[in-house]
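The lines below spell out each chain.
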Amino acid sequence: MSTITDNRLGGRSIVFGDSINTDVIIPGRYLVSIDPAELATHAFEPLGPEIQAKLLESPVVVAGKNFGCGSAREQAATCLIGAGVKAVVARSYSRVFFRNAINTGLVAVECPAAVDAIQEGDEVWVDYGAGTVTVGDTSYPFAPFPPVLKEILEAGGLIDHLMKKFAKEKN
Amino acid sequence: MGKSFAVKALERASGQSDLVPGQIVDAYPDLYMSHTATWRCIKTLERMGWPDLFDKDRIAMVMDHISPALTAKIAGDHRLSRGFADRMGIKNFFDVNAGIAHVVLMEHGLVKPGNLIIGTDSHSTIYGALGALGTGVGFSEITAAWVTGKLWMKVPESMRIEVKGPLPAGVYPKDVMLRLIGDLTADGATYYSIEFHGSWVESLSTSERMTLCNLAMEAGAKNAFVPPDAETERYLVEHGVDLDKVEPILPDADAHYDLRVDLDGTTLEPQIAVPHNVDNVVPISAVVGTKVDQVFIGSCANAKYDDLAIAAQYLKGNKIAPGVRLVVTPASADIMARAAADGIVTTLIEAGALLTNPGCGACAGSGGAMADGEVTLSTANRNFRGRMGSYDSSIYLSSPAVAAASAIRGVITDPTLVLA
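Protein chains in written order, with the numbering used here: chain A, 30 to 200; chain B, 11 to 430.
Keep in mind the hints are simulated off the structure, nothing from the lab.
Note that the coordinates shown come from a computational prediction; the quantities given were computed from them, not determined experimentally.
Cross-link-like lysine-lysine pairs, in silico, BS3-like; alpha carbons within 27 Å at most:
(1) B:160 with A:194
(2) B:53 with A:197
(3) B:53 with B:83
Isolated chain A (complex conformation) (with noise of 0.2 Å):
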């Protein structure tokens, strides 16, 4: 699981169009594996090999609308943190897509004008704190974490959210 430790996160940035289902992230026939990165070797398979390797090198996933439709598979999260991703940058997602993003501790934001400004491997920067993604010399607002997901998001993710409460709970 990835931990945040900086408020701050980014780097290149890979493009997605419009409705990117979970098929295309992570296709159902490496469900048997939870292992991020082993999952991350089969991340975006069917578009095919160049798309995968500029994943690799790509720590911001951005996207068009409904990103993540289809399944509840919560592989297709923990796929982009195995490929070393630290923030997707959408115009919007599939609401069981944004559910495994935040409870795996992937930061996953709403910021459709920053997508409207990116192009492909442009510097993106989330700074899910302070509520800004910046792209060069501009940086985009959008709607700031409630306070629920942003301690599930720091610690982690849920189940390590979790952990921490039940250890703090018992000493």
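Since chain A is already given, all that's left is putting chain B on it; use the hints.
Relative to the frame of chain A, chain B by itself:
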């Protein structure tokens, strides 16, 4: 202003009152379903150090996606799940012979009106067919619910859909849903609770309501809902539910809906979702004659008893076209037994169908794969690229009637032309 079904259901599940859409609450589901993902939940529980379970009677496990096991790894995952259920005294464990989780749970009386049900499957929206709030989540969330009994949920806005019936001959609830998904698009209902109202939906069987609520997910819905009524009570009693223990939730008569959608079903043609997105929907006339290599009648959307009966009605006395594979995968063991008892199975086999064991089958990529360039016409709910074998193959989606008629002709066929 009155409250929608979803607001009232989440008020009950969270113990809070006066909820408004957009609010995030801790909700306590009545049932946590995990399917083939169960082993992932157990591994997560192990990572947490095996904390106590909140309520083992709210846990339901169904080995449906890859059944029977295809590999030693999967057999091991099944064994882990089976052993865990046995050790923990989880009574609602359904093994590889049971069928698709959603249908199995409803057939076993585990889904009741007014319930909040979460499942490791996006099509958990189907539980709305019995007036429950069902929604899909990841396996970490199911594991968290096993331990804490709760999860965070956003109170959704609501959409009211009303369809004018009756439908023409050869047109079915699947066609209505494909048309609605095409019109709404794949994210048109994202985060919405969809409520189906009106005299047409009241006239539908519970099985047909399952098709509506199942497919609502493909427009992005959080959950779907059909108001429970006399038909719901009939289904519940038939499946062993004590009606005295059921507390249905109905939306207020003056409930607020953020969106209202009306569809005239009386002039609808059969509808087809063409590759590679479910909202890529055209009337059948636009694709009639498209060659198919395989026809799949299966999935939680359309492999229930009445779906098989409709397919058999078209296939009786006919043979499927040479070179076409027709794969039929009943949704559950109970459905398969009924279809065997009344001759449907024989009709399908005599027509040339390959009948498989109940479960998700080819819809989840377990068998029924396609080679490069091939085409499948499927009664399932998803046509994403590469879902059934080659990344260079294509999936079209239709009703069981279109599927059966097309298997006979070997090309996409309007069912009204076959059943004279």
